[in-house]
Amino acid sequence: MNLPPPPGPPPRHHVLSVLVENRAGVLARVASLFARRGYNIFSLAVAPTHDDRFSRLTVVVDVESAPLEQVVKQLNKLVNVLEISELDPRDSVERELVLLTVTADGDRRQEVLGLVERFEGRVLDDGADEVTVSVEDHPSRLDDLEELLRPFGIVGIQRTGRVALPRLESGGPV
Amino acid sequence: MPTNGGSALIRALELEGVEVIFGLPGGAILPVYDPIIDSPIRHILVRHEQGAGHMAEGFAHATGRPGVAMVTSGPAATNIVTPLCDAYMDSVPMVVITGQVPTPAIGTDAFQECDTVGITRSVTKHNELVTRAEDIPLVIRQAFHIATTGRPGPVLVDIPKDIVDPVNPRSALEWYWPTDDEVASSLPGYRPTTAGQADQVRAAAELILSARKPVIYAGGGILKARAAAALRELAELTGIHVVTTLMARGGFPDDHPLCLGMPGMHGNYTAVTAMQSADLLIALGSRFDDRVTGKVDAFAPEARIIHVDVDPAEIGKVRRPDVPIVGDCRVVIEELVTAVRDLSGGDVAAAQPDRTEWRSTISGWQERYPLVYEQSTEGDLLKPQYVLEQLRDRAPEDCIVASGVGQHQMWTSQYWRFNHPYTWVNSGGLGTMGFSVPAAIGAKVGRPDRMVWAVDGDGCFQMTAQELVTAATERIPVKVAILNNAYLGMVRQWQEMFYDERYSEVYLSPDLPDYVKWSEAMGCVAMRVESPEEVGPAIDKANEIDDRPVVLEFRTDSSEKVFPMVPAGRSNSDIVVDPSQPPPGGLR
Ligand SMILES: Cc1ncc(C[n+]2csc(CCOP(=O)(O)OP(=O)(O)O)c2C)c(N)n1
Ligand SMILES: [Mg+2]
Numbered sequence: 001m002n003l004p005p006p007p008g009p010p011p012r013h014h015v016l017s018v019l020v021e022n023r024a025g026v027l028a029r030v031a032s033l034f035a036r037r038g039y040n041i042f043s044l045a046v047a048p049t050h051d052d053r054f055s056r057l058t059v060v061v062d063v064e065s066a067p068l069e070q071v072v073k074q075l076n077k078l079v080n081v082l083e084i085s086e087l088d089p090r091d092s093v094e095r096e097l098v099l100l101t102v103t104a105d106g107d108r109r110q111e112v113l114g115l116v117e118r119f120e121g122r123v124l125d126d127g128a129d130e131v132t133v134s135v136e137d138h139p140s141r142l143d144d145l146e147e148l149l150r151p152f153g154i155v156g157i158q159r160t161g162r163v164a165l166p167r168l169e170s171g172g173p174v
Numbered sequence: 001m002p003t004n005g006g007s008a009l010i011r012a013l014e015l016e017g018v019e020v021i022f023g024l025p026g027g028a029i030l031p032v033y034d035p036i037i038d039s040p041i042r043h044i045l046v047r048h049e050q051g052a053g054h055m056a057e058g059f060a061h062a063t064g065r066p067g068v069a070m071v072t073s074g075p076a077a078t079n080i081v082t083p084l085c086d087a088y089m090d091s092v093p094m095v096v097i098t099g100q101v102p103t104p105a106i107g108t109d110a111f112q113e114c115d116t117v118g119i120t121r122s123v124t125k126h127n128e129l130v131t132r133a134e135d136i137p138l139v140i141r142q143a144f145h146i147a148t149t150g151r152p153g154p155v156l157v158d159i160p161k162d163i164v165d166p167v168n169p170r171s172a173l174e175w176y177w178p179t180d181d182e183v184a185s186s187l188p189g190y191r192p193t194t195a196g197q198a199d200q201v202r203a204a205a206e207l208i209l210s211a212r213k214p215v216i217y218a219g220g221g222i223l224k225a226r227a228a229a230a231l232r233e234l235a236e237l238t239g240i241h242v243v244t245t246l247m248a249r250g251g252f253p254d255d256h257p258l259c260l261g262m263p264g265m266h267g268n269y270t271a272v273t274a275m276q277s278a279d280l281l282i283a284l285g286s287r288f289d290d291r292v293t294g295k296v297d298a299f300a301p302e303a304r305i306i307h308v309d310v311d312p313a314e315i316g317k318v319r320r321p322d323v324p325i326v327g328d329c330r331v332v333i334e335e336l337v338t339a340v341r342d343l344s345g346g347d348v349a350a351a352q353p354d355r356t357e358w359r360s361t362i363s364g365w366q367e368r369y370p371l372v373y374e375q376s377t378e379g380d381l382l383k384p385q386y387v388l389e390q391l392r393d394r395a396p397e398d399c400i401v402a403s404g405v406g407q408h409q410m411w412t413s414q415y416w417r418f419n420h421p422y423t424w425v426n427s428g429g430l431g432t433m434g435f436s437v438p439a440a441i442g443a444k445v446g447r448p449d450r451m452v453w454a455v456d457g458d459g460c461f462q463m464t465a466q467e468l469v470t471a472a473t474e475r476i477p478v479k480v481a482i483l484n485n486a487y488l489g490m491v492r493q494w495q496e497m498f499y500d501e502r503y504s505e506v507y508l509s510p511d512l513p514d515y516v517k518w519s520e521a522m523g524c525v526a527m528r529v530e531s532p533e534e535v536g537p538a539i540d541k542a543n544e545i546d547d548r549p550v551v552l553e554f555r556t557d558s559s560e561k562v563f564p565m566v567p568a569g570r571s572n573s574d575i576v577v578d579p580s581q582p583p584p585g586g587l588r
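Read top to bottom, the protein sequences are chains A and W.
According to my numbering, the first sequence is numbered sequentially starting from 1.
According to my numbering, the second sequence is numbered sequentially starting from 1.
Incorrect hints may appear among the rest.
Coverage of chain A stretches by chain W, computed from C-beta distances (three or more under 8 Å per stretch; other residues unrestricted) [as the list claims (entries may be wrong)]: (1) 16 to 29; (2) 157 to 168.
Keeping only pairs whose Cα atoms sit at most 27 Å apart, straight-line, the calculated DSSO-like set for lysine-lysine is [said to hold, decoys possible]: (3) K317(W) <-> K73(A); (4) K295(W) <-> K317(W); (5) K73(A) <-> K295(W).
Note that these hints are calculated values from the structure, not bench results.
Cβ atoms here follow ideal geometry from the backbone N, Cα and C, with glycine treated the same way.
Excised from the complex, chain A in its bound form (with noise of 0.2 Å):
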């Protein structure tokens, strides 16, 4: 690998890659799973896949790495559920996207547009005192932003929640 790891999430957050049948009902029983089991899903991603019979989840988990063994195998169970994996942060591409609005009158609206610029951000929507901009990017980074938008007075904020792949074999894009 040629590139230094990303920064990682918290040690208490592991990331499942979960191929599941793409069918009525799949995601709650994923769900129920977890909650039945005691666990909390920090964050929850899904779309079908290139094969429109079956979806992706990536999954943040918020355990410990001992009964996360438990839950994978858990989840194994569910007769819907065909693959999951374990994605080390050092060994996958992660990103996330977020949509925000954020005050911005007067002076402070350049500062703003700044910061958004520098994430290489976008503008969706221009109000009179507030812009709402579109980030795409690492999910720690997306939090660094968050904290540098804060001060400025955030109206509204969705996450998509993290999505992540396993990196290539001879190392790729960041």
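Chain A is already provided as a structure; the job is to place chain W with the ligands on it using the hints.
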């Protein structure tokens, strides 16, 4: 061939080999009940849907074949949640079919609509809401496949009325019957493991051959995998003692010299202590349940662990094994037998350390701490243990026994002699009061050639007794022994021992209800037995009746407690024996 969903469903059940359905009809399932009239499948009309579920379980316990229950939507579906959970906890193969409101009405809070699939998700191995008539044959095949393979369990199929109702065009389909391959490929996420990994099996065989104080810890998986014969071969080949958990009673004969009986909270002293002192536990289809391990951190502290289970999630869940083997118990035990033979070069006894000392330690425990109770004499209050001994000794060897949950259950497991597999039907994991009467009925339906006794508590009996009406109507001649101690006895025991004898809401009265009159009203022959000398004759009389259910009410001593006992949360080393025996302190 064009058909409709209702006929297709019944046809699918017939092709799955279903001989009997336990159920009760209602609005949403009505169209499926019509083709039942013309089907060779026997339908047994229950008096409460919980009864249907436990009957299906009893049938499965006794026969090894999946039990089938069919009920309507809403309240009927919720009534069967308890048996589903019971079957889930005890890995009982069962298929439950529930009616559902028509698909267009789903989500509208229609009459008798409930989210059956949502409610039962966490108590089924799998469940499915079918939305198209053409899916019915495949979903039914999938249900039986999932219920009976890998770790068995209950599967629920929820069927909206419109797709089974012949007057509705949505019920039309072209009949087909999916092949095994089609079923397998329709379940891409379902691949249970059967054979054990060869290197792990070899590692296990090496541990077995070097152990000085080994114990086989046989669980319900032995019975589910039909591995009793294989287990016996392994035990005899290696000379290793076997404990059989509450779920495994009968999986290894109680009269076998290597059998130590039941371990756990109310297990016998030797079974508990042998496990506690072992240097190797060979866990076969057992799951380190808290009722067996006591305080987990203090359980079998010196033992290495070989853990064989078909469910990978059981391995390492409670105790991390030294040798994990995922696979079917029977297949893996047979592999173990071969590996032990190969490794020892034929002479297994010579290849193992000398275990004379261990054997004599075990027989010392057995001599010192047998199960004991004070014998009843004429005129005395009946001792429940005495009743059980009499029931046992007057029943044929292969008699099937079902029990409820409580003290009577523990005494039954302790005092019965289970020498054959599939003779013990009980609710272990969930501990469901009310299990025994319907479960006994289901067992008798599955094994009409066998005598079937239900040993029940007075508390349990009052939960599901109405199914004796079902038994009387359907001429299912089960026998019920009520151990009437006028108390929720097991709870009373805990209050006596751990709550300073402060009895809170555990008294039931010996006379209300009048069990004899009640049973007679339900079409049973009934007798009340109050003193020891009446016990034998009453049982003999009951055993002769074969054309209707019989209920014997035994008035037993309510102060009797179950011993030994490992108090909840304590180490198995803190086992409390019968007060008449010397406290074990230091004996190891
Ligand atoms: C459905 C249900 N409710 C409550 C309990 C808790 N419980 C366990 S044993 C028991 C007492 C059972 O009384 P009885 O049937 O008279 O049996 P006994 O212990 O007296 O032999 C109770 C209330 C249970 N196991 N199941
Ligand atoms: Mg009682």
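Task: Broken hints, by number - done: Of the numbered hints, just 2 does not hold.
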